[in-house]
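Peer 1: Each chain, letter by letter, is given below.
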Amino acid sequence: MVKKSEQLLSDKIVEGFIDHVNENGENPKSVAHLCKSLKIQESDFYEHFSDIDQIESHIPKKIWENALYSLSEQEFYLNSSEQEKVLSVMYGFFENAKSYRSYLLLKYKNQNNPIDKIKNMDRFRKSVMDYFQSLNLESALPNLGMPMMDKMGDKAVAITLYSNFVFIFNFWLNDKSSQFEKTDALIEKVFTLSFDLMDPTVLNKVLDLGKFLLGEIRK
Amino acid sequence: MKQPEVQESIVSSKLGRAAKLVGTGAKIGTNYLKYYAKKSITGKEDKEELHTSNAADIYDSLSNLKGSALKVAQMLSMDKNLLPRAYTQKFAMSQYSAPPMSGPLVMKAFKNATGKYPNELFDTFETKSLAAASIGQVHLATKERKKLAVKIQYPGVSDSIQSDLKLVKPVANAMFGLSEKEMKKYFEEVEEKLMEETRYELELKRGQEIAEACAHIEGVHFPQYYPEWSSNKVLVMDYLEGDHLKEFLEKQPSQEVKNKIAQALWDFYEFQLHEKKAIHADPHPGNFLFNDLASVGVIDFGCIKEVPMDFYYQYFPLLIPEVQENLDLVDRLLTEIEIIFPQDDDKVKEELTSAFIKMTALLSRPFNHKDFHFTQEFIDEIYATGEEIYKIPEVKKPTQPRGSKHALYINRTYFGIYSMLADLNATIKTEAGDWKNRLMEKCGI
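The listed protein sequences derive, respectively, from chains A and B. Be aware that the first sequence starts at 27, since it is given in my numbering, and climbs by one per residue. Be aware that the second sequence starts at 64, since it is given in my numbering, and climbs by one per residue.
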């Protein structure tokens, strides 16, 4: 029971934080300021977060985890291939993100850095990467067993998928189509293509080009 | 003229299509360059040669196109008999083609449109699609043992139609030798119809209306639609059993069955055109399902051409022999539908009038017979006449746009029906009904 009310309090803090940002266009000046508007004890705040920045890093991660959670109850998700799972999670994430769009626009649109370089995104990045690495991608990519890929490991694949995701996130921030259907179309195209490209025979050629270019630059 | 090369691959990406069109543009440009070079050397204009080489390049390019760009080209060329028969037939069969949606995208698109996942609404739902529809794909579902067809629209399809149209415009203008401004009315008509197809709620309403209005016609049947599960991008209807024309004919049904079905199709279109003044204007073979009970199921009411009354009274009297013989009346009607213009010189006027009447007399032949046998020879004759008319300079290189935009879809529809009736080799009752007397009365004969 205690656990549940704590969960509710952390949600309350997050919601209060988002409301504040949406209304004022900036973060609360201090933890004390946020706690006062939420009518909670500052000491209770530290049960959940160490500072304001941590709430900020918590939000995209929470959207991601909620998407995973709601899919984990869907039969079609559980029965689908790894590649289809990736697509479902992407659609699920942007579906959930709709509820936080104003906040996300304020925070991440028109930043000088791409979103994954922005501070406070490490925790989000880690969740997403963990998920991609947890997939049995070898079954999705039959040719992955080749020696080259063994060295690369699942991590390289996860990085590729993550960078696709970042690309789509940036697109979504600027998407003006109804129900963001252009983002949906982009997800479909980008991920289908990258699964096709992840065939090691193609990847080897890309790496070969990379090595060549790197060598030339070093000269 | 150079023969088009066999098509090896379909250029399907947008970038690919753009490249293809740019390629055509470049080729047309080169041909103009040759033309000017030749002109400067010989001092003689050889525009004929220019037109021929342009046409050949356009055919080459178009046969590599898919999507709505192709549909536009198809619409415009069919009307003008611009393209050789092989192409017209290919175009008649063409469908909007996109890579199939992945299972997750199907789920997402469905949920976006209806607020629920398909498995929350239906007892079963196949994530693998049954068929590609014009701008979406069809999935099989069941609910309480009833088989349903669920049509789901590709996300972002209306934008892709608009960008395809932008791509095809310059090419189409070059095809007809007309300026963008002169082509505008035709483009608007096609664009309007293509955009209407993306509005499934409109299709549902029209499907219900036509099914109700045509319920009395023997040998045609329609799916029931389910508005409670449908939305602007998802359309749920009964799954109709039956074969497409080609498969149906392969089963070698008796001529009696074929005639019965052909008669049903004929009656269906006669009723729509002359009573409802709105026709199912997409007589693509995929939209008709023939069954063993000699009945044809009609699906896909996305493309309905509503016939404006003034156009109806200007165009359809021309199908009546008594009208065709009355030269003053013909002159008036052809001016009204903008085939000829008052400022045309007499020679042009005469050429166009006789060509038009020749074509119309041919097309209206079924209406003026009690029974009519639709044969491949009849279709060949229509093509041959079309090709002959295309040789008239003012048709080939018009000095201004000719013909009403409303004729585009009506011609296409009748072209499609005649082709199907000929495939059925059908002999049916085709004599004009009451509408003939009504139209004659209206014209004062």
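Think of the hints as simulated: they come from the structure by calculation, not from any bench. A few of these clues could be false.
Claimed, not checked - Under the rule of at most 25 Å between Cα atoms (straight-line distance), these lysine to aspartate or glutamate pairs were calculated in the DMTMM-like manner:
1) Lys111/A x Glu440/B
2) Lys202/A x Asp394/B
3) Lys215/A x Asp222/B
4) Lys492/B x Glu440/B
5) Lys460/B x Asp394/B
6) Lys38/A x Glu68/A
7) Lys191/B x Glu68/A
8) Lys174/B x Glu68/A
9) Lys179/B x Glu110/A
Peer 1: Each hint should be assessed against the structure and marked as holding or not.
Peer 2: To see whether the hints hold, each was checked on the structure:
Straight-line distance between C-alpha atoms of lysine 111/A and glutamate 440/B comes to about 55 Å, which puts the hinted pair past the 25 Å bound. A hinted pair counts as satisfied when its Cα atoms are at most 25 Å apart, and lysine 202/A with aspartate 394/B does not qualify at roughly 52 Å. About 16 Å separates the Cα atoms of lysine 215/A and aspartate 222/B, which keeps this hinted pair within 25 Å; it holds. Between lysine 492/B and glutamate 440/B the CA atoms are separated by roughly 19 Å; this keeps the pair inside 25 Å, and the hint holds.
With a CA separation close to 22 Å, the supplied pair lysine 460/B and aspartate 394/B stays within the 25 Å bound. Restraint check for lysine 38/A and glutamate 68/A: the C-alpha separation of about 13 Å stays at or below 25 Å, so the hint holds. Annotation: proposed proximity of lysine 191/B to glutamate 68/A is violated, straight-line Cα distance about 54 Å (limit 25 Å). Restraint check: the Cα-Cα separation between lysine 174/B and glutamate 68/A comes to about 42 Å, which exceeds 25 Å; the hinted pair is violated.
Distance hint between lysine 179/B and glutamate 110/A is fulfilled; the C-alpha atoms sit about 19 Å from each other, no more than 25 Å.
Hints 1, 2, 7, 8, counting from the list given before, are not met by this structure.
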